[in-house]
Amino acid sequence: EPEVTQTPSHQVTQMGQEVILRCVPISNHLYFYWYRQILGQKVEFLVSFYNNEISEKSEIFDDQFSVERPDGSNFTLKIRSTKLEDSAMYFCASSDGSGPSEQYFGPGTRLTVT
Amino acid sequence: GQQLNQSPQSMFIQEGEDVSMNCTSSSIFNTWLWYKQDPGEGPVLLIALYKAGELTSNGRLTAQFGITRKDSFLNISASIPSDVGIYFCAGLDNNAGNMLTFGGGTRLMVKP
Chain A
1 EPEVTQTPSH QVTQMGQEVI LRCVPISNHL YFYWYRQILG QKVEFLVSFY NNEISEKSEI
61 FDDQFSVERP DGSNFTLKIR STKLEDSAMY FCASSDGSGP SEQYFGPGTR LTVT
Chain B
1 GQQLNQSPQS MFIQEGEDVS MNCTSSSIFN TWLWYKQDPG EGPVLLIALY KAGELTSNGR
61 LTAQFGITRK DSFLNISASI PSDVGIYFCA GLDNNAGNML TFGGGTRLMV KP
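Protein sequence lines correspond, in order, to chains A and B.
Residue numbers are given in my numbering: position 7 of the first sequence equals residue 7, and the series is strictly consecutive.
Residue numbers are given in my numbering: position 19 of the second sequence equals residue 19, and the series is strictly consecutive.
Isolated chain B (complex conformation):
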């Protein structure tokens, strides 16, 4: 099956710093989604990307759909303590059905 490699696995940063995480795949996806998961809760959709090269922002979050359609990154600017959580990328290949393939997650910790 399709695999998504997400890195880094974890990050421990100072409040106010910018953060970057990315996902790579051996196969093409038509859609990239980024989710945030807090402990004991479900993933919350942050950003959806539909076109290769697309750059989309949601407040302090910016995500890009890689031009090869095999990667995506998420940036968080000026991190704050409530950014703490696990961030997951997820890819959708419309030619392979409507199931999301998730990355392994990036655990973000922010020191006030």
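Excised from the complex, chain A in its bound form:
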């Protein structure tokens, strides 16, 4: 069964460093998303991406964040200068062209900022 994959599974970085989190969405899906989950808290929406541009973003997704679909399969989230409070699980999700409703999530990348 097709699934969303994410790399790396765990990333440790120092405050101020740039990180890139990578995702491979399900191959025939057209909508892509990033969510984050701070330890013990609910999942929060960051950004959605469709037709090679951002379609929605939350207040969390400030100028330090960017997304890119560099080729036909990868979808990346870049955090330009990490802060301690960026430590969280980051989930990529995708949905097909029949509508954005059923979003399928990847296993997540645990980001630890020290």
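Hints listed in this document are in silico derivations from the structure and should not be mistaken for laboratory results.
The model shown is predicted, which means the values in this text are computed figures rather than measured ones.
Listed below are the simulated EDC-like cross-link pairs for lysine to aspartate or glutamate, each with C-alpha atoms no more than 16 Å apart in a straight line:
no. : chain 1 : residue 1 : chain 2 : residue 2
1   : A       : Lys57     : A       : Glu68
2   : A       : Lys57     : B       : Asp93
3   : A       : Lys78     : A       : Glu18
4   : A       : Lys42     : B       : Glu41
Stretch-level coverage of chain A by chain B, calculated; a stretch enters the list once three of its residues show a Cβ under 8 Å from a Cβ in chain B:
no. : region
5   : 42–49
6   : 55–62
7   : 103–110
No residue lacks a Cβ here, since even glycine has one placed at the ideal position from N, Cα and C.
Take the given structure of chain A and dock chain B to it, following the hints.
For chain B alone, coordinates are given in the frame of chain A:
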């Protein structure tokens, strides 16, 4: 922003018992989704609901989209140890974009 209140926060039940959890919102959603999350993993989609009043089953799981479009419940019948995990409801308002708003989760523990 939109808020989803999910209850109970946690449940500790005996294997074989039925379980019920629900989500309520102050605003309307067009779609309700229920996910299960195991420790260290991503949410796995269990059931999607698209119409007010809709009742949908997936094996031992049954979920309903409330008639007011402001609530949803999930029932698990005859629980088994592998049902352990955190269950999240998520709402989608098509008029407010395609972002999911998640509830706080219900942690389910099952005693064999």
